[in-house]
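Trainee: What follows is the residue order along each chain.
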Amino acid sequence: MNFQPAESIAVIGRSNVGWLARVALGICFVYLGLNKALSPTDFLKAVHQYDGLDNTLYLTWIAAVLPWFEVFCGVALLVGFWIRGSAFVTFGMLLVFSAMVLHRALQIRGATGVGFCEIRFDCGCGNGEVLVCLKLMENSVLMFLAGMLSLRRFAVF
Amino acid sequence: MGLAGLNAFDPFPLVVSENAAFGLCLSGSSLEPTRRTPACRDLEYTLLVKSLIKETCQVLTVGLAVALLANRLSPRGLPLNRDYFKESGRSTGNQSAVVPERSSPQVGDPKRSPEITAEEALRLFQDPRRGQGRVIFVDARKEAVFLLGHIPEAYPLDRFYPDQDLPALVLAGIGAEQVVVYCSGGTCEDSHYAALLLIEAGMDPTRIRVFAGGFTEWTSHSWPVERGARASGLITPQIP
Numbered sequence: 001m002n003f004q005p006a007e008s009i010a011v012i013g014r015s016n017v018g019w020l021a022r023v024a025l026g027i028c029f030v031y032l033g034l035n036k037a038l039s040p041t042d043f044l045k046a047v048h049q050y051d052g053l054d055n056t057l058y059l060t061w062i063a064a065v066l067p068w069f070e071v072f073c074g075v076a077l078l079v080g081f082w083i084r085g086s087a088f089v090t091f092g093m094l095l096v097f098s099a100m101v102l103h104r105a106l107q108i109r110g111a112t113g114v115g116f117c118e119i120r121f122d123c124g125c126g127n128g129e130v131l132v133c134l135k136l137m138e139n140s141v142l143m144f145l146a147g148m149l150s151l152r153r154f155a156v157f
Numbered sequence: 158m159g160l161a162g163l164n165a166f167d168p169f170p171l172v173v174s175e176n177a178a179f180g181l182c183l184s185g186s187s188l189e190p191t192r193r194t195p196a197c198r199d200l201e202y203t204l205l206v207k208s209l210i211k212e213t214c215q216v217l218t219v220g221l222a223v224a225l226l227a228n229r230l231s232p233r234g235l236p237l238n239r240d241y242f243k244e245s246g247r248s249t250g251n252q253s254a255v256v257p258e259r260s261s262p263q264v265g266d267p268k269r270s271p272e273i274t275a276e277e278a279l280r281l282f283q284d285p286r287r288g289q290g291r292v293i294f295v296d297a298r299k300e301a302v303f304l305l306g307h308i309p310e311a312y313p314l315d316r317f318y319p320d321q322d323l324p325a326l327v328l329a330g331i332g333a334e335q336v337v338v339y340c341s342g343g344t345c346e347d348s349h350y351a352a353l354l355l356i357e358a359g360m361d362p363t364r365i366r367v368f369a370g371g372f373t374e375w376t377s378h379s380w381p382v383e384r385g386a387r388a389s390g391l392i393t394p395q396i397p
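Protein sequences, first through last, are from chains A and B.
If you read the first sequence in the working numbering, its first letter stands for residue 1, the second for the next number, and so on.
If you read the second sequence in the working numbering, its first letter stands for residue 158, the second for the next number, and so on.
If we strip away everything but chain A, and leave its shape as in the complex, we get:
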């Protein structure tokens, strides 16, 4: 059996589920990343509210670099370059973001007694104030897509 690169490319092209997954994930990351990158100070203030770092200089680095890094991963997914690596990294980011949003939401619930799914705040996710439940559900879907893409059975692209 003789496998040619052209055959491989053709097979990737016909993988509709994989294509849809990476385009959906890519568009989300480019959109949310650009929203933050074009207004890094709003993102910086949103990250500051999590109060998770003793050295606040790290917040500047996060606000300066993370949005553009998200855009990079999104573009990589869209153009089909380093798909599994980008998907794996986005999975990791989403996991950390979700844990932070959940922690913050539980803090707010403890302070105010508001029902969990009624909690709404600017999580610094790139789309302003959001309902926590919806955000966590959205992140779960994106994590599923990212996990699926990073574990696809390609040996090497």
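Certain hints may be false.
[Unchecked claim] Derived CB-CB ranges, DEER-like: (1) A/L131 with B/I331: 40 to 50 Å; (2) A/V96 with B/T274: 56 to 66 Å; (3) B/E334 with A/F116: 46 to 56 Å; (4) A/V23 with B/T373: 37 to 47 Å; (5) A/E138 with B/Y318: 25 to 35 Å; (6) A/A99 with B/I331: 30 to 40 Å; (7) B/D320 with A/D122: 20 to 30 Å; (8) B/V219 with A/V96: 15 to 25 Å; (9) A/I27 with B/I210: 52 to 62 Å.
[Stated by the list, open to error] A few chain A residues facing chain B, derived, Cβ under 7 Å: (10) T41; (11) Y58; (12) W61; (13) A63; (14) G85.
[Stated by the list, open to error] Stretches of chain B that chain A covers, calculated by requiring three or more beta carbons in the stretch to come under 8 Å of a beta carbon on chain A: (15) 205-214; (16) 302-312.
Hints are computed from structural coordinates only; laboratory data are not their basis.
Note that the Cβ used here is the ideal one computed from N, Cα and C, for glycine as well.
Dock chain B against the given chain A, drawing on the hints supplied.
Mentor: Same frame as chain A, but now just chain B:
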């Protein structure tokens, strides 16, 4: 089974790499995962994990380099050596995002400027000294929001990008007896940080007050608001 047939039921069809060992393994096995030999499957998983680690490292390295460059080139980029929350005047540790905090100056925090109420801010706004530049207001919100509306004749000071506003403000501050700094109000901390910037620029800290209720409280009373640039004259309602 040909590649087309395989693709009919497999959303992520196997793409054969240039890896010679894997190619040889597959040539003696089957493209269909369930029919592969155990040795071939083990090799595939090993290659999969290795390539995933390799790609992840590549994405992290190149992605971080691109992100640093993009931040450097962006007009809204942040300087990486500036700590925007240093010498914080307000603790945010247990502060709720949905419960506005009104706090008084903390003992032992000399850099924290005293806060004033909305009524005190209005009194200073109506003070005749304001027309002579001896009472000035400073808006510490970002420029886009400032242009939508601000306290009439307030000076803009975006604390994240102070270079363009600070020189004119320091000049105006020389003759000022009272400087009132405000931001959005609620949990907004920018007014305190902007006050710190003014103090670091040489203004007398005893003359600086922070209007803690901020622009939200100001507009809730339907007090005059100026739209557009500073001193544009587009004020509603008109000042009596």
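Trainee: Next, verify each hint and record whether it holds.
Mentor: Evaluated hints:
1. Separated by about 49 Å at the C-beta atoms, A/L131 and B/I331 satisfy the suggested range of 40 to 50 Å.
2. Between A/V96 and B/T274 the CB atoms are about 41 Å apart, so this pair departs from the stated range of 56 to 66 Å.
3. The supplied range of 46 to 56 Å is met by B/E334 and A/F116, whose beta-carbon atoms lie about 50 Å from each other.
4. Taken as a hint, the range 37 to 47 Å holds for the pair A/V23 and B/T373, whose Cβ atoms sit roughly 41 Å apart.
5. Our hint of 25 to 35 Å for A/E138 and B/Y318 holds, since their Cβ atoms are close to 32 Å apart.
6. Between A/A99 and B/I331 the beta carbons are some 50 Å apart, a value that contradicts the proposed interval 30 to 40 Å.
7. Remark: the range hint 20 to 30 Å for B/D320 to A/D122 is upheld by a beta-carbon distance near 27 Å.
8. Evaluation of the 15 to 25 Å hint for B/V219 and A/V96 yields a pass: the beta carbon distance comes to about 20 Å.
9. For A/I27 and B/I210, the Cβ-Cβ distance of about 27 Å falls outside the hinted range of 52 to 62 Å, so the restraint is violated.
10. With a cut of 7 Å, the hint placing A/T41 at the interface with chain B holds, because the nearest CB-to-CB distance is about 4 Å.
11. The criterion of a C-beta within 7 Å of any C-beta in chain B is not met by A/Y58, whose closest approach is roughly 9 Å, and the hint is violated.
12. About 6 Å separates the beta-carbon of A/W61 from the nearest beta-carbon of chain B, less than 7 Å, and the hint is met.
13. Among the interface hints, the one on A/A63 holds; its C-beta lies about 6 Å from the nearest C-beta in chain B, closer than the 7 Å criterion.
14. At its closest, the beta carbon of A/G85 sits 3 Å from a beta carbon of chain B; the interface hint therefore holds under the 7 Å criterion.
15. Restraint check on the segment 205-214 of chain B versus chain A: 7 residues with Cβ-Cβ distances below 8 Å, three needed, restraint holds.
16. Check on the segment 302-312 of chain B: 0 of its residues sit with their Cβ under 8 Å from a Cβ of chain A, so the three-residue criterion for coverage is violated.
Of the numbered hints given earlier, the model fails hints 2, 6, 9, 11 and 16; all others are met.
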